[in-house]
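J.: Each chain is listed here by its residues.
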Amino acid sequence: MRYFKLNKKLTFPFCILVIHLIPLKSCFFIIIVILTFVSGSSISVAQNQYLLKGKITEQKTKEPIPFANIYDSVFNIHSTSDSNGYFELQLKEAVYNFEISSVGYQPLYKEVRLLKNMEVQIQLKQDIQLDEITVTTEKISKTAEVNTSGMTTLTSISVERLPAFFGEKDILKAVLLTSGVQSGQEGARGIFVRGGSPDQNLVLFHNAPVYNVAHIYGFLSVFTMESLNKLDIYKSYIPVQYGGRLSSVLNVEPNFGNTQHWKGDFSLGAITSKFHIEGPLKKDRTSMNFSIRDCHAGLFTAPISRRQFKDETKNGTLKYFFYDINGAIQHKINEKNTLAWSFYAGSDFYTFGQSQDYPRVKNFYREVNKKKLTWMNMTNSIEWKTQLKKINITNFYNYSFYKLDSRQKSETVYRDYVKYTTNFNNIQYNTASKISENGWQTIIDQPISKIHHLNYGAKLSQRTFTVNTVNIIFKDSLGNITGRDTFINPKINAVDFYVYADYLFSWKEKLEIKTGGQLFLYHAKGKTFFYPQPRAEIIYHPITGMSIRTSVMRTVQPMHLLTNNTGDIQNDVWVPATAKIEPETAWQYSGGIQYDHPKGYTASIDAYYKSMHHLSEYKYGTNFILDKIAWDDQLLNSGTGRAYGVEFFFAKTKGQFTAWFKYNLGWSTRNYPELNDGKTFYYKYDRRHDVSIVLQYKLKKHFDFSVAWTYGTGWRMTTPSSKYASDNTLYNYDEANEPLSGNQSMITYWNARNNYVLPSYHHLDIGMNYVKKGKRVTHQLNISVYNVYNNLNVFSVFRQSDVDGDGNRYRKYKQLSLFPVLPSFGYTISFEK
Amino acid sequence: MNSLHLYKHIEFNFRKRKSTLFIFCALLFFLNGCQKDLELKYGVSEIKQVIIANLSPGSNLYVNISKSKHPEDFGAVNFLMNCKVDVYEDGVFKETMPFILKDTLSGFGYYTSSFKLQQNRTYKIVSTHAELGIAEATEYLPPNPQLVNFALIQHADSAHPNLTGKYIIALQDSAGWKNYYYFAAFYKILKPTVNSSGDTIYKYDFIWNIPSYTPEIPNISNYNRSFITDAGFDGQQKTFNFDFPSQYNTIYKEILLIIEISNTGKNYYDWNIQQIPLGTDYLNEGQYERINLKSNIINGYGHFTANSSTYIGIPIK
Numbered sequence: 007m008r009y010f011k012l013n014k015k016l017t018f019p020f021c022i023l024v025i026h027l028i029p030l031k032s033c034f035f036i037i038i039v040i041l042t043f044v045s046g047s048s049i050s051v052a053q054n055q056y057l058l059k060g061k062i063t064e065q066k067t068k069e070p071i072p073f074a075n076i077y078d079s080v081f082n083i084h085s086t087s088d089s090n091g092y093f094e095l096q097l098k099e100a101v102y103n104f105e106i107s108s109v110g111y112q113p114l115y116k117e118v119r120l121l122k123n124m125e126v127q128i129q130l131k132q133d134i135q136l137d138e139i140t141v142t143t144e145k146i147s148k149t150a151e152v153n154t155s156g157m158t159t160l161t162s163i164s165v166e167r168l169p170a171f172f173g174e175k176d177i178l179k180a181v182l183l184t185s186g187v188q189s190g191q192e193g194a195r196g197i198f199v200r201g202g203s204p205d206q207n208l209v210l211f212h213n214a215p216v217y218n219v220a221h222i223y224g225f226l227s228v229f230t231m232e233s234l235n236k237l238d239i240y241k242s243y244i245p246v247q248y249g250g251r252l253s254s255v256l257n258v259e260p261n262f263g264n265t266q267h268w269k270g271d272f273s274l275g276a277i278t279s280k281f282h283i284e285g286p287l288k289k290d291r292t293s294m295n296f297s298i299r300d301c302h303a304g305l306f307t308a309p310i311s312r313r314q315f316k317d318e319t320k321n322g323t324l325k326y327f328f329y330d331i332n333g334a335i336q337h338k339i340n341e342k343n344t345l346a347w348s349f350y351a352g353s354d355f356y357t358f359g360q361s362q363d364y365p366r367v368k369n370f371y372r373e374v375n376k377k378k379l380t381w382m383n384m385t386n387s388i389e390w391k392t393q394l395k396k397i398n399i400t401n402f403y404n405y406s407f408y409k410l411d412s413r414q415k416s417e418t419v420y421r422d423y424v425k426y427t428t429n430f431n432n433i434q435y436n437t438a439s440k441i442s443e444n445g446w447q448t449i450i451d452q453p454i455s456k457i458h459h460l461n462y463g464a465k466l467s468q469r470t471f472t473v474n475t476v477n478i479i480f481k482d483s484l485g486n487i488t489g490r491d492t493f494i495n496p497k498i499n500a501v502d503f504y505v506y507a508d509y510l511f512s513w514k515e516k517l518e519i520k521t522g523g524q525l526f527l528y529h530a531k532g533k534t535f536f537y538p539q540p541r542a543e544i545i546y547h548p549i550t551g552m553s554i555r556t557s558v559m560r561t562v563q564p565m566h567l568l569t570n571n572t573g574d575i576q577n578d579v580w581v582p583a584t585a586k587i588e589p590e591t592a593w594q595y596s597g598g599i600q601y602d603h604p605k606g607y608t609a610s611i612d613a614y615y616k617s618m619h620h621l622s623e624y625k626y627g628t629n630f631i632l633d634k635i636a637w638d639d640q641l642l643n644s645g646t647g648r649a650y651g652v653e654f655f656f657a658k659t660k661g662q663f664t665a666w667f668k669y670n671l672g673w674s675t676r677n678y679p680e681l682n683d684g685k686t687f688y689y690k691y692d693r694r695h696d697v698s699i700v701l702q703y704k705l706k707k708h709f710d711f712s713v714a715w716t717y718g719t720g721w722r723m724t725t726p727s728s729k730y731a732s733d734n735t736l737y738n739y740d741e742a743n744e745p746l747s748g749n750q751s752m753i754t755y756w757n758a759r760n761n762y763v764l765p766s767y768h769h770l771d772i773g774m775n776y777v778k779k780g781k782r783v784t785h786q787l788n789i790s791v792y793n794v795y796n797n798l799n800v801f802s803v804f805r806q807s808d809v810d811g812d813g814n815r816y817r818k819y820k821q822l823s824l825f826p827v828l829p830s831f832g833y834t835i836s837f838e839k
Numbered sequence: 014m015n016s017l018h019l020y021k022h023i024e025f026n027f028r029k030r031k032s033t034l035f036i037f038c039a040l041l042f043f044l045n046g047c048q049k050d051l052e053l054k055y056g057v058s059e060i061k062q063v064i065i066a067n068l069s070p071g072s073n074l075y076v077n078i079s080k081s082k083h084p085e086d087f088g089a090v091n092f093l094m095n096c097k098v099d100v101y102e103d104g105v106f107k108e109t110m111p112f113i114l115k116d117t118l119s120g121f122g123y124y125t126s127s128f129k130l131q132q133n134r135t136y137k138i139v140s141t142h143a144e145l146g147i148a149e150a151t152e153y154l155p156p157n158p159q160l161v162n163f164a165l166i167q168h169a170d171s172a173h174p175n176l177t178g179k180y181i182i183a184l185q186d187s188a189g190w191k192n193y194y195y196f197a198a199f200y201k202i203l204k205p206t207v208n209s210s211g212d213t214i215y216k217y218d219f220i221w222n223i224p225s226y227t228p229e230i231p232n233i234s235n236y237n238r239s240f241i242t243d244a245g246f247d248g249q250q251k252t253f254n255f256d257f258p259s260q261y262n263t264i265y266k267e268i269l270l271i272i273e274i275s276n277t278g279k280n281y282y283d284w285n286i287q288q289i290p291l292g293t294d295y296l297n298e299g300q301y302e303r304i305n306l307k308s309n310i311i312n313g314y315g316h317f318t319a320n321s322s323t324y325i326g327i328p329i330k
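Which chain is which? The protein sequence lines are A and B, in order. Numbering-wise (our numbering), the first sequence opens with residue 7 and increments by one. Numbering-wise (our numbering), the second sequence opens with residue 14 and increments by one.
By construction, these hints were calculated from the structure, which means they are not laboratory data. Here a beta-carbon is modelled for each residue, glycine too, at the ideal position from N, C-alpha and C. Among the hints, a few may not be true.
Derived DEER-like restraints, expressed as beta-carbon distance ranges [claimed, not checked]: (1) A:A636 <-> B:N222: 26 to 32 angstroms; (2) B:G104 <-> A:S751: 31 to 37 angstroms; (3) B:D218 <-> A:K586: 54 to 60 angstroms; (4) A:K625 <-> B:D218: 32 to 38 angstroms; (5) A:A636 <-> B:G146: 43 to 49 angstroms.
Okay, derived cross-link-like pairs now, DSSO-like style, lysine-lysine, Cα gap no bigger than 30 angstroms in a straight line [stated by the list, open to error]: (6) A:K779 <-> A:K707; (7) B:K61 <-> A:K818; (8) B:K201 <-> A:K625.
Please put together the full structure from these sequences, using the hints given.
T.: The following block contains the structure:
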């Protein structure tokens, strides 16, 4: 015992000190040594104790509940179930009062008299009201939940009561309200995590990467609420089983359907309609879930656009549609083997056509422009879970596909009535980019004892990139092809393979140390890269409910998304890392403190520092689509970035009134030797302050209300700082070889890239749900108002020339905003058998 | 349609994309009321001297100096005639140059030297202004390129647009110093014009925009000058085969094809090469985002450059 006490005093502060002071390479080794030392001592203490084993399952479906919390405040015991719902505790003889809880389930309080080795079965109820009202809106309040490691979990329940947008609730909208995550600007696609760019976030749907998660300029995600069970956001310590992105992982777990009874719903919103059904194909063994969503915005945009064009004496129309289809099946072969399959397909269609005639006395001119943009996502995953003794093995096969196809047509007709000539010009240019990915992964979860836990495995991914195939066609007035110009970048195959291991050491519910890493191999275009990626995390619980955490990790990203991040998706091209454009790498150090009060209050503060290398950017002046140059010769890969900041989070998770609040204070910079005179500049979405407040209140059993307010520092743009006379001021030379006065053309000077911060982004949204529960049918009405006080946030900035009262020409900047105050409603009818 | 025309056409349509995007947003979300003026307070950088000068052998030095201004100031160029401009040759002070006013209305003029510039010399100017401080710049005036051989293989013919002109140039690189070259083709034409009394008269003019193409110097922007450094020449003889399109018209009375081979100073090369791929002045749009022109003017804008050219004239008509 003396030996143990000595350890206790010395080890905790020392471990934390190690992370901060010792160089990383040494740190990794030292942590291993310390772990070995400490664990040896702990095992000796564990003698003469009893083993409490158990399994936590969902009461109705009997499905295991992974990572449920097991907590006793008197003995300060804090543990979690494994991925199959099992847990084991070595405890002294005593009477324990456990609180067993998990996100989306009602907590259960259970007394256990531990007088011998015991095995218990624990069943949790889904988190619904006890008054037999089982529709989703009757669920008690839930918020985003942050675990002791800083991982944020959002369930469909926590999103249910947020204000809707165009009658549609969206999980990525909820993600933006969580700590450390922000949107770029109004209309920006993707999310920005801790100063990183959108492509640095790995979005997984049932372990399959989703390459474009946005519909309608990022206002809706591809995930319908019915298709998912929950979403986990990892941004501090990314578990070693995930790889291939720098900043974060968003892991979306599909909804495999209810194993006990059938239910479904149909909803109609302002621009979308949905149908969903789920239920048991065979009770307790096989369940399925299917949902389909259709966006019918084009039904409104077509007539409105036609009228608007007509007002401008033009002919034209604009249509926009999208759809999402989700399917999932899970089959329990036996107690130890489960098979699951999920599928997602979604596509967006945007068509625009415009023509204008210019009839004159002597001639006639017509100009026609048409554009069609289609982008498509698809994922397909097969999962096989098996258990060999205490070892849980999960195998995944996944397929992902993303395609962006653009077709543009331009036609001009000029008739000269005097010369009797007709000049016809027709040109079509089509571009296409694709990425397809096949992946296989094995995850092995091996609890060794109460103290030691191993997680290891391997992942192999093969990707094929088609980068901007350009096909240009010329036609005559009869439609015959008169010319063709094609530029095809050869397809690129890229393979990455990594093995990983993660060791978890838990000591007396006081200390958790995770340490491990990936050995990451990447090969493309004849070049192989190798990156060891160490990761470590220490969590210390000094008192009940409090956790102090610190982590370090290295990440690598073998692909880049070339984008301008604003609404025009046409510039988005995924490209692989090659010998010329090396993979991006990053180191991130973070630490924080969190307190979870038993009455349902959570508060946390986290700080982070991230350095990024080999970031990519277009070379100045390149036109990625039109220049017939190999794409990797048009990019810079010399970028470095730094991001650091502090995140504050507070949540009240229990009771009729729930709330959460986040505040991020952050800095994000970039440096390219070739840009901005080699000086460091702020990232376009360097957002100094980012605030979200969400308040939810449940009034009796029919009504609930929510209010969400979002505030962020404006995005950055580059404004000119001065201008000066160009060479043309001296135009040519006279016969005496003396300069002549030329025109007054000017050269613009920018003193820095992204030197101007645009007005802040903020909006207040409110929502109300009314639920009427019948015997088998439930009606739900949602009324929401987006941007209640009608703040016009900046979507885009453009210049416009004007003339003042004295006839002087001047230019002014104008902003385009997308969303003024927007009331919307949604109606859902649900049935249950 | 030739490729240049084609890509310009496409570029034009791609720029239309921007307005398409706006229309899309406006229509989709009923946003006619969602545009508003934006008050931006920018352009507060220091006002500096703008020096524009190019050194040519055998010519006087002409230096034009003006004042930079706010980016939204659309007034005329403010030429500075009250600077004290000293010129140095190989580090030795030569003189303070007087200002010569050429246009009283605009204030256009230049500071000029009383001596002729010579090759293989380094020139420096120091301009002192009471408000804007001291700006200075230095440039080396190189000798003419050592032309070993030139041959026009084929005339470009406007009657047959696919028939490009071809010429061969051989240079002797000098190992002693770093050389920067450019090659250009242009036409000097005698062009018919109608004078004020309605008579047709002929005046000399130039057709400048004739891009040349050779595998050693990619010219994706169809620029009329092809720049290259002597990296890899190693002081040896170097031969280039150029193609160029026809740009002349048979209505001209005289047509003279001129091939220019120039040896430039480093600053001339840097100043020009960085301007070739310039895109349109877009706002924060990825690859279109502008970066600044680098120059050799200390505490000022503009350029102080030098080049020595050899011209070969081939009469066509």
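J.: With reference to the structure, classify each hint as holding or not holding.
T.: Status of each hint after checking the structure:
no.: 1; hint: A:A636 <-> B:N222: 26 to 32 angstroms; result: holds, 27 angstroms
no.: 2; hint: B:G104 <-> A:S751: 31 to 37 angstroms; result: holds, 35 angstroms
no.: 3; hint: B:D218 <-> A:K586: 54 to 60 angstroms; result: violated, 45 angstroms
no.: 4; hint: A:K625 <-> B:D218: 32 to 38 angstroms; result: holds, 36 angstroms
no.: 5; hint: A:A636 <-> B:G146: 43 to 49 angstroms; result: holds, 46 angstroms
no.: 6; hint: A:K779 <-> A:K707; result: holds, 10 angstroms
no.: 7; hint: B:K61 <-> A:K818; result: holds, 24 angstroms
no.: 8; hint: B:K201 <-> A:K625; result: violated, 36 angstroms
Violated hints for the displayed structure, listed by number in ascending order: 3 and 8.
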